[in-house]
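Residue numbers (this note's numbering), protein chains in the order written: chain S, 1 to 326; chain P, 1001 to 1326; chain A, 2001 to 2361; chain B, 3001 to 3361.
Simulated from the structure, these hints should not be mistaken for laboratory data. Fair warning: this is a prediction, and the values are worked out from it, not measured in the lab. Idealized CB from N, CA, C, for every residue including glycine.
Computed spacing ranges between beta-carbons, pair by pair: (1) P:Phe1181 / A:Glu2351: 39 to 47 Å; (2) P:Arg1125 / A:Met2001: 55 to 63 Å; (3) A:Glu2351 / B:Arg3272: 55 to 63 Å; (4) P:Ile1199 / S:Tyr190: 54 to 62 Å; (5) A:Asp2267 / S:Tyr190: 27 to 35 Å; (6) B:Glu3241 / A:Lys2012: 32 to 40 Å; (7) B:Glu3346 / S:Glu51: 40 to 48 Å; (8) B:Gly3246 / A:Glu2279: 29 to 37 Å; (9) A:Asp2018 / B:Arg3272: 53 to 61 Å; (10) B:Gly3246 / A:Met2001: 37 to 45 Å; (11) P:Ile1199 / A:Gly2246: 48 to 56 Å; (12) B:Gly3218 / A:Gly2246: 28 to 36 Å.
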Amino acid sequence: MPNTLNMVQAINQALMEEMEIDETIVVYGEDVGVEGGVFRVTQDLQKKFGEKRVFDTPLAESAIVGSAVGMAVNGLRPIVEMQFSGFSYPAFNQIISHVARMRNRSRGKYYLPMVIRAPYGGGIRALEHHSESTEALYAHIPGLKVVIPSTPYDAKGLLISAIRDNDPVLFWEPKRIYRAFKQEVPEGPYEIPIGKAKIIESGEDITVVSWGAMVRDVQKAMDIVKKKDISVELIDLRTIAPMDRESFVESVKKTGRILVVHEAPKTLGVGAEIISIVNEKAFLYLEAPPTRLTGFDTTFPLPRGEQHYIPTPERIAKTIEDVVRY
Amino acid sequence: MPNTLNMVQAINQALMEEMEIDETIVVYGEDVGVEGGVFRVTQDLQKKFGEKRVFDTPLAESAIVGSAVGMAVNGLRPIVEMQFSGFSYPAFNQIISHVARMRNRSRGKYYLPMVIRAPYGGGIRALEHHSESTEALYAHIPGLKVVIPSTPYDAKGLLISAIRDNDPVLFWEPKRIYRAFKQEVPEGPYEIPIGKAKIIESGEDITVVSWGAMVRDVQKAMDIVKKKDISVELIDLRTIAPMDRESFVESVKKTGRILVVHEAPKTLGVGAEIISIVNEKAFLYLEAPPTRLTGFDTTFPLPRGEQHYIPTPERIAKTIEDVVRY
Amino acid sequence: MLFDEYNPLDNKMYKVLDHNGKLVKESDYPDLSDDELLYLFKTMLYERTIDEKALSYQRQGRMLTYAPNIGQEAAQIGSAYAIKKDDWLVPAFRELGAWLIKGVPLKNIYLYWYGNEWGSHFPDGVKMLPVSVPIASQLQHATGIGMANNIKGEKNVVMTYVGDGGTSHGDFHEALNFASVFNAPVIFIIQNNQYAISTPRKVQTKSKNLAMKSIAYGMPGILVDGNDLFAMYNASKAAVERARNGEGPTLIEAYTYRLGAHTTSDDPTKYREDKEVEEWKKKDPILRFELFLKSKGLIDDEWIEKTKAELEKDVTTTFEEIEGKSDTEIDDIFKFTYEKMTPQLEEQLFEYKAFLEGGKK
Amino acid sequence: MLFDEYNPLDNKMYKVLDHNGKLVKESDYPDLSDDELLYLFKTMLYERTIDEKALSYQRQGRMLTYAPNIGQEAAQIGSAYAIKKDDWLVPAFRELGAWLIKGVPLKNIYLYWYGNEWGSHFPDGVKMLPVSVPIASQLQHATGIGMANNIKGEKNVVMTYVGDGGTSHGDFHEALNFASVFNAPVIFIIQNNQYAISTPRKVQTKSKNLAMKSIAYGMPGILVDGNDLFAMYNASKAAVERARNGEGPTLIEAYTYRLGAHTTSDDPTKYREDKEVEEWKKKDPILRFELFLKSKGLIDDEWIEKTKAELEKDVTTTFEEIEGKSDTEIDDIFKFTYEKMTPQLEEQLFEYKAFLEGGKK
Ligand SMILES: Cc1ncc(C[n+]2csc(CCOP(=O)(O)OP(=O)(O)O)c2C)c(N)n1
Ligand SMILES: Cc1ncc(C[n+]2csc(CCOP(=O)(O)OP(=O)(O)O)c2C)c(N)n1
Ligand SMILES: [Mg+2]
Ligand SMILES: [Mg+2]
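Modelling step: build the complete structure from the supplied sequences, incorporating the hints.
Structure, rendered in structure tokens:
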């Protein structure tokens, strides 16, 4: 019987299987235990592994992350949840000052095999602070790894790698596609390496780099531009930090054109880094300005305005065309 | 008698003069009152304006910034100090979730004329967390303004603009040059506009963009390359957000080459944004890859390693040469 | 006086009206005229109606996520009625009754939940901050508003709210500590509705009650029956008087219960027993107050029915005024990031509009 | 027992030894052998010597910023001696005495203050975290270590430190609350040295003492004379026993005084009176313990002089071992950001080395 799962189920399965194998793994956060998380990502974990390994905490993100630092130092592999990535900021000091630095600070004596999971990104018609994409904030901080999956299959394999990694990983889950589609996902553990992008489709005319929920929108845009005979090479970055530079540098050397699509604000979004790298590594191959299509430099709007914020397949298609026709 | 001041004195004078004019201004933070700040930036303010308007607080950055939000809503113009920019992170949630958003959230009913000051940057042989440059984190957040002066004269004029601005301004003071040199600074208030860069020196062969303490290092590098007949156009960005794009775009149109120098880590540092903008606006003028010379993607080292971290005039000179000779 | 009598260390709960609407503490009958009593009761009914209608709109797919207040009306209305027009109200997100008392039009409230920022642009003279979603962070703002009052020599006070879950957050600690150190005129109301989403109160903290957390700040605290309008009003009023007299902040724990779901996205049967809910339904603050007013002869079933019908009409009309007509204008997304749009924003707005125009062609 | 007798609400301070080195509470003479007493005294002298030498090196420009502990030796050593080798110590940054007791070699300590990260790479078996500069943030780690012990079923406990200033921080609140909710075996020591840089204790909070903040977490707390080695040791030991028995965390306020500057960058005459310092000098914890040991006939002036000379030699030798030979190796800046260097880091390291090589040509 094929194991056809949506992203929530795939992540849940990864957690289940890893906890089964490795009893040093603990899962905790706000409402992750009894309720199984507000998106049910941790459903049934407490039933299966008990209250010692899966538990609800008081409402305090700094303590959730800070205690995970202590646990990781003391031999466990904590996987903690921020209920939404927009509520990770009370833990920001712990993340930037300790999570990212313990290995360097102690010259390797202590290190932190921990994962911070959070639903991330917009498009679910939610309240304020429930829609933002601030991966760039974390990707700027030396010592952190930042992973964003775009499919159920990837979500499972990347999460397993994150759990097994001896460095702290922020695992940001694009909630817009939590249940958007199902995919065949192998039972049993498998790893997808952190720090490696994936070429989703090969193409000739332009390289498009994206990640998370936007990958699907780019695919829809590709259907549109295909009719105009534009061949797109689509790269799913998968890991934001450390970034797989070769993936898009090599691609641009072939296509001569690059578009980065993300839903985070433009200024100092991850697109800026990608374009700078392309300049450093493939300058002489460029046939058109490396381009960004992103969220606006504004706060993510409340639901009645959100349709304007996230680049749509139509806008992506139009921008692809513009860059190709440059 | 000329008013020759170092940066600490210039900032102090700006605070003095503005508080004199505008009695809604209050200044507070850790050790800013009785002691006048650990760098003496707020020296004598409490003596002059009393404990109601200048005061010490409990040790709690989130409360310092969060209470300033309330004060600003309630008709005051708070100027709060983070003792070091590396201790602004406990206030990160207040800054990203409220300081940056109150105007938009209330569709303009409430807005926050407040300034968050902090000594910033490396090079003073300090303890951990006392040397970092994380302006990119804040510049990525819509709704914030981020200002970094490079001279006493600018510091005074920019701070006065920041105080008078009806939007929140993060005023990051490069502590490495707090007392490094003096400059003639006019008595009495004057404004230097936020959002405008300054061409420090005109040149033909390459545009160099920098800010804060690095500007002086670039100037030293210019002395070196001048001997090799390289003519540099040096732009002091002054405001990181919102960025004066025309300043460097126009310059690159002339020089065809650009180097950004900053001490923050490379990945997703402000240099990435500048280079991406240059690509968008001056692509066809580029004669060499837009280049970054920055801090490493590592934690800022403790003092016995810090000499390696911040780009030196020699490295800057070498990089300028490389870009020009490309 | 009140705060001495009810030391939270003794875990004694302040009550005036019992579950059957009978005065258990005659001496504490509040200074409210019959008209005021009716106004307060009507506001409770209004609040209940707004919640119920919102829930039904939501089920019909006409409303987005909504956080109901059912069961907490006395905690909200009793406290907020103790402040004046010139005082400030700093909300979390579950204080509908307090907002109504403060004068926020229902249209704003529905517009907010409907997903448009203009809902938080309150009319002139309504001294209330917008909803603050990041738990406990709003308490810092309340403290700052109070500190500013002291600096400016103004006499108005600040009432602010947080949930039982919020008391675990660092911002709770810092805000109360600042308020006390700077003697800020702030009344901190904890609506202890026994849950933070699925997480029960006992998981939040081992302190016997939440009111006693005040001791850490050298501040008075009191545990109050949050379903008792009179107790809530009296305690809040006493705290407001302290604040106005320059005696500083007070912490009030309103012991209440969230009868409904956390929000419309939540299914409470996952984490609590129906029996518990049934027990608390008997303590419904509206029911209790209704019984009291009836026993006083101020209302009867006919009055209630008529009033409910009026309120329902008002609520329906208001919702229909905004429904389908509240899409965000594109310019509004850009216009309020700064006082003046930056060139970047102007460019992004221009490009986006050009794209939309292009699409139309 | 001890924690019942000294309820922090009563503001009673636990003391065993008075300022003149006389036992004021004979019943509480601790379970320490004469050898242990001498070891503890010697460690106090060692700590004092390390501080004084560091200050003098700093004045000579041979040392960087340094945070002295002078006056707080009993608070640190008395508490840390109550834990065992298998227990954890989670420091802030001003607990030199505790680190020494925990077995951190002085070489590490000086190397750290000298500005090299290898100072925080402690020898195997020293279960202590590195210095944590962001105030109060380390308490979360202590709580997490304790929680992990419970999960793993291990019996070791965690001792952690924070200053009076740190008690105002949100992280203090959250860490103590978590520790209590999860019954973590953590002993929280507040070194109340009356100042946070220039900010006096009374500006931090209006609670009468800091120990009573424990009540907000349903946790025992005790106010202890922090300059009294015996009182500190006894209170800590009682707390350690509670923790080890599965009874959860305890908060201890060590009431002490920072006789020196905050750090070598600080000038305390800006914010406090000499008279105050003079008063506290009379309460010097080393002086007090010395008088006790002399009265017990365990030491005399000769012993002291000889010991001090030995210690000074040790300290000098250690410092000279690191001085001038402790520059950071370039590779070390890159090697510990992740388990494996990223291609980015490899490239940056390569380019930087190439630049240095080029310069040499
Ligand atoms: C800082 C933060 N963390 C998490 C959330 C998600 N969240 C929204 S409401 C809530 C529970 C709040 O519980 P409580 O404070 O008791 O208020 P109540 O919902 O019961 O009114 C949580 C965890 C949030 N809004 N903010
Ligand atoms: C979060 C944070 N804010 C500010 C600072 C700067 N700072 C260093 S020590 C100190 C005072 C600490 O006082 P206290 O907690 O009483 O400890 P003590 O120095 O007295 O040992 C401050 C404000 C810091 N290190 N961390
Ligand atoms: Mg609640
Ligand atoms: Mg102190």
